[in-house]
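Peer 1: Let's have the full structure, built from the sequences with the hints guiding it.
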Amino acid sequence: MNEITMGGGDNMKKVRSITSTILWRLIPGLIFLVVSSSVVSYILSAEQLKSNAYDNIYDTVFQTKNYLDDRLGVLLAAVVNLSGSKELTQTLIASEEPDFTLGPSDYIALNQATNQIFTNDYYDMVDSVVLWYNNESVSFARTDRFFPLQNFPGASYLKRSSESSFETVFWKNIHTRDLPSGDFSSPMVASFYTWLGIKGTAPQGVFIVNIKESFFYKILNSPKISDNGYLFLQSPDGIMRFKPVADKYDLDEDELQEKLLHAPNARGRMDVKNNNGSNMVVIYETVGVNRWKIAAVYPEEELLSKVNYIKYVSIVVMLATLIFAIMYSNLLARYISRPIKHLTKQINHIREGNLNVNVQRWPQYEMDTLNHGLQEMVERIKTLLHQVEVEQEVKRQIEISLLQAQIQPHFLYNTLFSIKQLCDMGESRDASRMISALSTFFRISISKGEEVITIDQELEQVQMYLFIQQMRYGDLFQYKVDVDHEILGQSIVKLTLQPIVENAIYHGIKKGEQPGVIRIKGYSSDEDIYLYVEDNGAGIEPWKLNEIREGLLLKRPVQVGFGIVNVHRRLQMMYGPEYGLQYDSDPDKGTIVTIRIRKSKDESKADGEGNGYA
Numbered sequence: 001m002n003e004i005t006m007g008g009g010d011n012m013k014k015v016r017s018i019t020s021t022i023l024w025r026l027i028p029g030l031i032f033l034v035v036s037s038s039v040v041s042y043i044l045s046a047e048q049l050k051s052n053a054y055d056n057i058y059d060t061v062f063q064t065k066n067y068l069d070d071r072l073g074v075l076l077a078a079v080v081n082l083s084g085s086k087e088l089t090q091t092l093i094a095s096e097e098p099d100f101t102l103g104p105s106d107y108i109a110l111n112q113a114t115n116q117i118f119t120n121d122y123y124d125m126v127d128s129v130v131l132w133y134n135n136e137s138v139s140f141a142r143t144d145r146f147f148p149l150q151n152f153p154g155a156s157y158l159k160r161s162s163e164s165s166f167e168t169v170f171w172k173n174i175h176t177r178d179l180p181s182g183d184f185s186s187p188m189v190a191s192f193y194t195w196l197g198i199k200g201t202a203p204q205g206v207f208i209v210n211i212k213e214s215f216f217y218k219i220l221n222s223p224k225i226s227d228n229g230y231l232f233l234q235s236p237d238g239i240m241r242f243k244p245v246a247d248k249y250d251l252d253e254d255e256l257q258e259k260l261l262h263a264p265n266a267r268g269r270m271d272v273k274n275n276n277g278s279n280m281v282v283i284y285e286t287v288g289v290n291r292w293k294i295a296a297v298y299p300e301e302e303l304l305s306k307v308n309y310i311k312y313v314s315i316v317v318m319l320a321t322l323i324f325a326i327m328y329s330n331l332l333a334r335y336i337s338r339p340i341k342h343l344t345k346q347i348n349h350i351r352e353g354n355l356n357v358n359v360q361r362w363p364q365y366e367m368d369t370l371n372h373g374l375q376e377m378v379e380r381i382k383t384l385l386h387q388v389e390v391e392q393e394v395k396r397q398i399e400i401s402l403l404q405a406q407i408q409p410h411f412l413y414n415t416l417f418s419i420k421q422l423c424d425m426g427e428s429r430d431a432s433r434m435i436s437a438l439s440t441f442f443r444i445s446i447s448k449g450e451e452v453i454t455i456d457q458e459l460e461q462v463q464m465y466l467f468i469q470q471m472r473y474g475d476l477f478q479y480k481v482d483v484d485h486e487i488l489g490q491s492i493v494k495l496t497l498q499p500i501v502e503n504a505i506y507h508g509i510k511k512g513e514q515p516g517v518i519r520i521k522g523y524s525s526d527e528d529i530y531l532y533v534e535d536n537g538a539g540i541e542p543w544k545l546n547e548i549r550e551g552l553l554l555k556r557p558v559q560v561g562f563g564i565v566n567v568h569r570r571l572q573m574m575y576g577p578e579y580g581l582q583y584d585s586d587p588d589k590g591t592i593v594t595i596r597i598r599k600s601k602d603e604s605k606a607d608g609e610g611n612g613y614a
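Its first residue numbered 1, the sequence shown is counted upward by one per residue in my numbering.
Derived from the structure by calculation, the hints contain no laboratory data.
Bear in mind the structure is a predicted one, so any value in this text is a computation, not a measurement.
All residues carry an ideal CB built from backbone N, CA and C; glycine is no exception.
One thing to keep in mind: the hints can contain errors.
Claimed, not checked - Label pairs and their calculated CB-CB ranges:
1) His485 <-> Lys382: 20 to 28 Å
2) Asn52 <-> Leu331: 33 to 41 Å
3) Ile198 <-> Ala266: 41 to 49 Å
4) Glu427 <-> Val517: 56 to 64 Å
5) Met270 <-> Asp99: 30 to 38 Å
As the list claims (entries may be wrong) - In silico SDA-like cross-links for lysine to any residue, where the CA-CA straight-line distance does not exceed 20 Å:
6) Lys65 <-> Lys420
7) Lys521 <-> Asn546
8) Lys218 <-> Leu75
9) Lys218 <-> Asn228
10) Lys382 <-> Gln392
11) Lys224 <-> Asp237
12) Lys511 <-> Asp482
13) Lys65 <-> Met240
14) Lys420 <-> Leu374
15) Lys510 <-> His485
16) Lys248 <-> Glu301
17) Lys510 <-> Lys382
18) Lys544 <-> Thr594
19) Lys65 <-> Lys248
20) Lys345 <-> Leu374
21) Lys601 <-> Gln572
22) Lys243 <-> Gly288
23) Lys218 <-> Lys420
24) Lys395 <-> Leu553
25) Lys50 <-> Glu300
26) Lys601 <-> Gln582
27) Lys341 <-> Asn356
28) Lys86 <-> Lys65
29) Lys589 <-> Leu553
30) Lys382 <-> His372
31) Lys86 <-> Phe62
32) Lys86 <-> Pro244
33) Lys243 <-> Trp195
34) Lys248 <-> Glu300
35) Lys601 <-> Val493
36) Lys50 <-> Pro223
37) Lys65 <-> Val281
38) Lys273 <-> His262
39) Lys218 <-> Asn66
40) Lys65 <-> Ser214
Peer 2: See the structure below:
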């Protein structure tokens, strides 16, 4: 690349060489990119088409199942309600008398009782109803008219054994109606019936509802599955289907019946290969009201026909794109080679440490933008270098000021004086504890010169400080620490809590009229950590609270002390302007200081190292 910066005729030869290099390096990459993109697009499109097709069929079966459940369930509920009606019950009880015969009043009562089955709600469903009871002592049928029956094979309906001892409602798939067919457009119906008058284990009669074939025809033929796909209903006594399909895609219904009867799940999919070798996909759901299965059958190859169409289109598009890419890459390589020399010179200057960039305008918008962007980047680098130097100096000064403000001579003097008094009184054990706490306090304050420590260490330091102050002031205050274990390993700017706790003691607790309590709490929320220092001391007057808040906002010291502004400024420099301290207080009730910081990016520490607090 350095040779490009040479002048003269050799330079143009280098540029032309670069053009050829770019061309022959671009072409294999473009070919690979086009081919891989086309293949990936084809695979994704094919899979998406398959997924959409399967989802549509699943949805069709599911919606059809719900519709059948709803309509058949409502009809079944109406029949069960009718079976327990007062008019019907009285007639059936009366029919058990030896000399009973149905009179006109009985026919009228039975006709009125069955009227509710022939309302508009069930008109498209109900073909006919039959009541047969007590060896034909009550036997009639109801369609659009009411008529008595003779020699109806009602006893055959009482011989069927139920699947459980509590089952009294049974369903029959499509079959020939047991009634004379002269009054009906179609002799085929599906039925359900319920036993009546069960004494012991033997029923005395049966109530039958025949459902129109046309009702199921509309449901099973309306959805469009595919050219040779269809819906069908399967029950233990057979399969109901209406749509004819090509012989190539026909299935052995006995085999299909057997597979669905032994299906392990209430819903699912199975692949069945027919006698012609076609793979047929069966997607099924179970109708809740009668445990029949509603299923969709379609040839898998019809689903894949659209996928093959996409494959051929993708191949054509890929070839056309390849030809265009090869032609365009040649033109592009020639077009971009001219400004490369100038851009390379500028980059070489920057590599040598010269940040003075010479901008030149080019007809190519991208290269012109790139040159200007390079100059802007260099200017920003200069600005950032200067800013980093200033910020580092400010941070160093702030840390020095903080250490000077926190490690106050009077605190060290008072602590040492307290230790001397303990020694004079012979309280060597307490004196030793204070010395240990003081050494721990200053060890963490120094922290080998590091500005950031863990929350665990920060809490240990502030507890040493509180312990020393508690030893000095006796029963003046108590303190409690309740920090979530999971945040103990997170990082925090050191000496954050101690200045706030010190203010709580001197400006809150000591000014109060009763022994105080200092609570330190902490938890995490999303990407942030919240620590609270709360005391029940004298609180802060509103005017003073406003002064503190204004001092934090403007980052200038207030009368409470330089420490809190220093802490607030360091937190914002470390985490951003939205982080730092927030003061809330009520006079005579206490003060709450909220410390908001950001979680560490290194999550390996977030499991909670250290002692833990509760």
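Peer 1: Take a quick look at whether Lys345 and Leu374 sit within 20 Å of each other, Cα to Cα.
Peer 2: Roughly 12 Å separates the two Cα atoms, so the pair holds.
Peer 1: Would you mind confirming whether the straight-line C-alpha gap from Lys243 to Trp195 stays at or under 20 Å?
Peer 2: violated (34 Å)
Peer 1: Given the hinted pair Lys273 and His262, is their Cα-Cα distance within 20 Å?
Peer 2: Given pair Lys273, His262 holds - Cα atoms ~17 Å apart, limit 20 Å.
Peer 1: Checking one constraint from the list: CA of Lys510 to CA of His485, max 20 Å. Satisfied?
Peer 2: Violated, at about 31 Å.
Peer 1: Against the 20 Å threshold, does the CA-CA distance of Lys243 and Gly288 hold or violate the hint?
Peer 2: With a Cα-Cα distance of about 24 Å, the restraint between Lys243 and Gly288 is violated, given a limit of 20 Å.
Peer 1: Within a Cα-Cα threshold of 20 Å, do Lys65 and Val281 meet the stated pairing?
Peer 2: Holds. Lys65 to Val281 sits at ~18 Å (cutoff 20 Å).
Peer 1: Hey, Lys218 versus Asn66, does the alpha-carbon distance stay inside 20 Å?
Peer 2: Since the Cα atoms of Lys218 and Asn66 sit roughly 15 Å apart, the hinted pair holds (cutoff 20 Å).
Peer 1: Hey, Lys224 versus Asp237, does the alpha-carbon distance stay inside 20 Å?
Peer 2: This hinted pair is violated, its Cα atoms lying about 26 Å apart.
Peer 1: Is Lys589 within 20 Å of Leu553, Cα to Cα?
Peer 2: violated (24 Å)
Peer 1: Between Lys218 and Lys420, does the CA-CA distance stay at or below 20 Å?
Peer 2: Judged against 20 Å, a Cα distance of about 101 Å means the pair is violated.
Peer 1: Hint check: Lys382 vs His372, CA-CA at most 20 Å. Holds or violated?
Peer 2: Status holds; Cα separation ~15 Å.
Peer 1: Checking one constraint from the list: CA of Lys521 to CA of Asn546, max 20 Å. Satisfied?
Peer 2: violated (24 Å)
When held up to the earlier numbered hints, the structure conflicts with 1, 3, 4, 5, 6, 7, 11, 12, 14, 15, 17, 19, 22, 23, 26, 28, 29, 31, 32, 33 and fits the remainder.
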